[in-house]
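Q: These are the residues of each chain, in order.
There are 2 protein chains.
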Amino acid sequence: MQLDTLSTTFSALADPTRRAILSKLTSGQASVTELAEPFEMSMPAITKHLKVLEKAGLIERGKEAQWRPCRLRAEPLREIGDWVEHYRIFWEQSLDRLDAYLKTVTAKKKSKGKKHGRKKHIQ
Amino acid sequence: MQLDTLSTTFSALADPTRRAILSKLTSGQASVTELAEPFEMSMPAITKHLKVLEKAGLIERGKEAQWRPCRLRAEPLREIGDWVEHYRIFWEQSLDRLDAYLKTVTAKKKSKGKKHGRKKHIQ
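Residue numbers (the numbering used here), protein chains in the order written: chain A, 1 to 123; chain B, 1 to 123.
One chain only, chain A, in its complex shape (with noise of 0.2 Å):
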């Protein structure tokens, strides 16, 4: 099955290996031994999971015939940012109800501690 771009990048992103490979590339490139590390995996799997990343374009792999260091492309991800923000408002106003529910169960706290140390100085 051909994917869209988006959904070939968020297939790519649904794997914690592969999201850890990506945050490891945050502080520069890497071959793959050292990308393979952090990880009890053999060898051809995180090449598996490279292959992946690299056809949505998440990251590049040098030229350098002895050692081919990942990159990381972020264009990507602008796109999962772009997509994702559409929702933001949504996600915003369920914080805001949960805020407004905290709010109200803490004033109820506060005032049943008030009655009930009124209770205690009438007892």
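No wet-lab data here; the hints were simulated from the structure. There are no misleading hints in this set.
Same chains, same names: a pair is fine if it fits in one copy or spans any two.
Listed below are the simulated DSS-like cross-link pairs for lysine-lysine, each with C-alpha atoms no more than 30 Å apart in a straight line: (1) 63 x 24; (2) 63 x 108; (3) 103 x 63; (4) 51 x 63.
Only a predicted model underlies this, so the values are computations on that prediction, with no experimental measurement involved.
Chain A is fixed; fit chain B onto it per the hints.
A: Chain B alone, transformed into the frame defined by chain A:
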């Protein structure tokens, strides 16, 4: 395989139909029939997509017996937004580089144009 929350969300978003469903739900809640309308898809196929979205917490279904409307839940998208935000500096750098490159090209073209113009005057 048990996926982490972020992977489940990314995976659910890696499909144009599912993203279109979320987009439609930004206008308000909708029944499965209403959601199925724009797509040339069987009801079981749409239901399958809805189940993926529901499992990822991206939609919730009403409890009404006859009509179980779907509603958008944007909280998991906030996580995506937070995640992608860490990479903003990298795609903005890429855009800066592109911008710098375009400025150089435009400057070169202008300079060539001037030379060309001068030649014409000389000739």
